[in-house]
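Reassemble the complex: the two chains are provided individually, in unrelated frames, and hints are given to aid placement.
Residues per chain are reported as follows:
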Amino acid sequence: MEKNTILSSEQITQDLLPKKFGKIGLIWTTTLVIICLIGAYAYFRQLKYGLAVTNMRDYVSWGIYISNFVFFVAISLVGSLITAIFRIAKVKWATPLTRIAEIIAVSAIVFASLIIIVDMGRPERFMNLFLHGRIQSPIMWDVIVIATYFCISLLLLYLPLLPDLKILIRFKEKTTNSLYKLYRFQGSFWKGTREQFKISEKSINVLCITIIPVAFCIHTVTSWLFATTYRPGWDSTNFGAYFISGAFLVGAGGVVVAMYVFRKYYKLEKYITELHFENMGRIVVLLALLYLYFNVNEYLVPAFKMKKSEEAHLASLFTGDFAPMFWFAILVGMILPIIILLFKKGRKPFPMFIAGVMIVVGAWFKRYLIVTPTLLHPFLPMQEVPANFHHYFPSWEEWAIAMGSLAGALLVITFFARIYPIIPIQETITEQHEEQEHQ
Amino acid sequence: MKSKNINNIGRAILLLVMAMPLGAAAQQDSVKPKLLLNVGYYMNNNQMMYLLANTKAKISGKFKQVPGIAVTVYLDKESPDQLIGKTITNEEGLGKLIIPASLKSVWDASAQHQFIGSTEATKEYESATAETDITKSKITVDTISDGETRKIAVSVSAYNGKDWIPAPDVELKVGVARIGGSLLTAGDEATYTTDSTGKVSAELLKKNLPGDEKGNLILVARVDENDTYGNLKVEKSVPWGIAVKPNEHFFDQRTLWSTRFKTPIWLLAMAYSIVLGVWGTIIYLVFQIIKIKKLGTSGEL
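Residue numbers (my numbering), protein chains in the order written: chain P, 112 to 550; chain R, 89 to 389.
If we strip away everything but chain R, and leave its shape as in the complex, we get (with noise of 0.2 Å):
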């Protein structure tokens, strides 16, 4: 009697097991997915400043980016007269956005800012809103250069109203630029963390890097995604790296990417006599044609 009330309960649970994601499914039918906005501010070498509005989703278990959703940005407050603008998202769900010029007297008039995007609900999603607070601030990269030994010291200071203070506790990347926007970090460490006096020195521990054609590298230091100061970056040209000539060894040489008239000479071959041999068949299948033209106006037999 007992097993037999325990294999009830067995079934019961089952059941109730089974009928869960049914449920859960019949839920999310109903429910639209909820849309995640995010407003990211971005300052590059302390003059180029914008905006990415950035809409993402959770679909399926997987956060995905949700493109053409349009995004309200506003500055501090809610009012059309503080509208920074309006970006539909593109298909990696990010939008640019631009500070107008007519808002440069309020942008100037605090040190503190906040960001204010929103979405009206569309049919796949509820309205969303995103509130950024930033402070402003600058990175500023010096280098020090002695004998071997090269360093690159960043400060990072953040605006009271008056006057530029150092900014502790920052966490930045510091390092070279590589092509296609990668950064080599400078030491071993991924990230530095500004001191109390807003500093950080990174010594450059890779030694020959290549650069330009006059050994030019870049230094870049930059703050990704901080509460208080957005996202930061400033670049830096410096001589420590090894020219790097452009590959001439083809220059002038008759290969298969040179001009026409530095085409390689068994192509040319090639193709000349392919093209000769089938021409040549072909004007002499035309002066066939004119001799039996002959034949026939002659009357020979």
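Here chain P stands alone, though its shape is the one from the complex (with noise of 0.2 Å):
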């Protein structure tokens, strides 16, 4: 909230409470909902005809899909630095900022999942992962990781909501009738007593601070599944470093986009002020900085070795077929950001959302460079196989799909903003309250 600026509690849940969609929000839900029918039938053709209709072949078998799956790992761990992080570090700013980014990780890791099977040509084995895993392989680590992070996410979007469930359940006559049910159905029994709370408040500080390392695991692991590969840009033991570092980053980029979009569409400019985009600014320049740091370390140490056989891979990057996407994701996905974010001028809201949407954009392109180029520089010459073995560009089957897991992505997070309150009521009246008494 704007500093000074007291408002009642009645102001704060007439404000926050869910609102139906507007003209434009129907759009872009529309909009959201062709796409992910597009991806449906794109899937459903490749449920039909198989992996066959991807681009994906021998050599490069990891394409659009794990780059997604990779990118959706890491704007999910958003939730830990926004919510556990910051919570345990008594970060009081950042209270109305907690709720957009456990969203984020909840629908993105949610994407993460799913696409990990529409990767698999036999989904129905998926099971068989279950019935005969082997502990020993870092895609076992990485399946148990997703599910444990997806259930503390979930739980840490639903303590805290459960005094906002109350509200929303005193404000019958503003909801829907499917609604009202759904909100009893979830947190009728909140009565709001002291012991509740404290219960709660447990709870809460207890997933804080669990959260915290599942959170580094399940980048870790992920950026494991490239690092225990031999192969030219994958062999580093610095990568778990380097991918925690670009999620961080790619995760507050997307905070700062639906930070704009959420202030922007349900006029939250009481709550959602210009000192919080100047706060998270300043985050978002120092992970800026912190990834390109690492991306330094991890391109410019082997291009003064070049050794022979990473030496086509990283021609491939620099000035090869792959340079115009490696320039752009360096430029635009950190060092544009981090220019314009240095600047006061570039930490008020539009400029951060210029920002935030460069940082999203530009990760998405560098999850794409970690695994594709590396599929097709093996050590091993690749010999007698056709010639389109030889490149990749996904397919529109593969593209849809994508697209459509973004779009899905976005959709979850525009429905619960449709149901839920964004912004934590209950928690804005208490600060508020603390903040009255205090002056």
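In case anyone wonders, no lab produced these hints; they're calculated from the structure. No incorrect hints appear here.
Listed below are the simulated DSS-like cross-link pairs for lysine-lysine, each with C-alpha atoms no more than 30 Å apart in a straight line: (1) P:Lys203 x R:Lys379; (2) R:Lys174 x R:Lys150; (3) P:Lys277 x R:Lys381; (4) P:Lys134 x P:Lys283; (5) P:Lys419 x R:Lys144; (6) P:Lys418 x R:Lys144; (7) R:Lys294 x R:Lys324.
Put into structure tokens, the structure is as follows:
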């Protein structure tokens, strides 16, 4: 909230209660649904004809799907940053952003899990992982840690929501019958007693402590899927830290974009203030510098040595087929946002929004660059293979499914914002009272 | 005055020298690079016969393999009934062809043959032709083992239409096949040349070579790119090596690469303790939610 502006509980409640979609909201939602349906049709074709509809072949067997998976896992880490780390550090200003961060985390992790199954030619064999899985395999660790992170994130979304559910139930006239039933099912037992608050607070603290190592594990394990494979570009001991720093950056970038959109659409200027953008801007610039530092390590050191086996891979990134995308990801995803956010004017809402979009888009391409070029440059030369095995560009089905999954994640966030308060009402009221008493 | 003239001549030469690369570059832009076509004849173990068409071009002063070129190859004359086939060169500029059964009578009719290859002009390259003459030939490998001494006797024979006659002065490699397709030469010489009887004898100087599980080594006699006979290769298995048993040191042990039932204990302990620790916390938190629910439904304040 703007400093020195004390708002009444009633006004806060009225401002933050979920609202029906307006015209723009309907267009946005319909567009996302259409993209999802196109993706679903493309997946139907993949199920019917097999992975042959994709352009993945013997060498590039991890294409846009796995890039998308890494992107989703990365962006999901923001839940642990904004909610857990800030909460434990008692960073009060971040309260309005916690739910935004948590829903981004939950929707991203759901679609990370789904996209892994999409990558399987025979999805019904997914069960074999549990029936015949080996704990020695990093893929197994990834499945375990994703399931764990999903459950913790869901709990971290649900527990702080309980006091708000009581408010939503109180304002029955402002909601539909089915939503009212949903609220009652989820939170009718919350009376707001001291004992309930005490248990809830304690549980949230336990969750915040638990989610941090799990979040680190989820992305470290994802990085190990690559780093435990001896290949140019992946053979790095630095991959865990490199992935985590990138994940925090894209997650924070995603939150900035969501902050701007929700603020603008729901007119939340009193709750998501310029101070929030200023503070987030400082965090994002720090994270971008950190990620840039890891990128320098990941590319400059191998480039300095230029081992014969890695030469083709590095050349393809620096000056070859992937060079435009590589330099786009570095410039747009890191350097330009750093330049924008270093200046105070750059940390205003709109420039921050632009920087956030640049970070998220750059990060998506960065994941593509981590996965695909390496696969096109195996240590042993490609021999006796058709010419198209030497290149990879996703088929329309792959694009449709990948875009469908991104639209699906946005749709989850959109529906969540339609059903639940995107800024915690009860916590905002409590903080307002505390501020009032302080004054 | 004289020095002024010399200066002028010097300037003219300098200009000419500087202009030469420009002229050459302009010429290069207008002229397509010359495509070099070669059709190689390969015979393995005196049975498996095939042709390899190779396309390359000199680009920026270096020979580079040219992929994607359609090569047509005929046997003896360019007529449709003597067409061996068409192939498109791969990334390495190579295209493989096998002589079809329909040309068996033509093949059997003569001891000498000619392979005629041709390519059509493309946007990048002019058309190219190649002719390769070969005489039918074969290699036989025999071994002589006398106590410590082990010799490889190789004879190369050419077909004259009726009989197999010795092929003298043929350069060939004799040795042992190693992993990855390379050849370990038998003696100190890199190559051997057949004598007037078409024979070569090479003593295997390398001792204690590791063989397969039964101690077998693969002896190889190979003629590479011979103008008369093409490429010939014969292999023979001999029990001259040391039997190497597969390393079973790790068999049935708990390792990172074992089956799921042989997971290392330390990994199991780590994984299960982490999983149980975290999931124990999650279950505890679910019970806390149930507790909150009970408090709410019982109306306790």
